[in-house]
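In numbering that gives the first Met the number 0, the protein residues as written are 0 to 49.
Since the hints were derived computationally from the structure, they do not count as laboratory data. Ideal placement from N, C-alpha and C gives every residue a C-beta, glycine not left out. Misleading hints may appear alongside valid ones.
Straight-line C-alpha distance at most 30 angstroms; calculated DSSO-like pairs for lysine-lysine [said to hold, decoys possible]:
| no. | residue 1 | residue 2 |
| --- | --- | --- |
| 1 | K37 | K48 |
| 2 | K47 | K32 |
| 3 | K47 | K37 |
| 4 | K47 | K34 |
| 5 | K25 | K6 |
| 6 | K38 | K25 |
Cβ pair distances, simulated, as ranges [as the list claims (entries may be wrong)]:
| no. | residue 1 | residue 2 | range |
| --- | --- | --- | --- |
| 7 | E20 | I43 | 32 to 38 angstroms |
| 8 | G3 | K48 | 51 to 57 angstroms |
| 9 | K48 | A19 | 38 to 44 angstroms |
| 10 | K48 | N10 | 44 to 50 angstroms |
| 11 | K38 | L18 | 21 to 27 angstroms |
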Amino acid sequence: MSTGVCKDVENYFYGIRILAETTEAKAFILHIKAKRMKKIHFLINTLKKS
Numbered sequence: 000m001s002t003g004v005c006k007d008v009e010n011y012f013y014g015i016r017i018l019a020e021t022t023e024a025k026a027f028i029l030h031i032k033a034k035r036m037k038k039i040h041f042l043i044n045t046l047k048k049s
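Construct the entire structure; sequences and hints are all you get.
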């Protein structure tokens, strides 16, 4: 394994750990997903009505 690959893997796992540690980040992601779902449902309902 080259040092470049090792560094990438390190950064990857570090990023995951940071995300796992910050519940705010998780909540934010869930919030965005929920918003997106609402938009999709709204679009589907609008299409059904027309």
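- prompt: Checking against the hints above, which ones are violated?
  reply: Structure breaks no hint.
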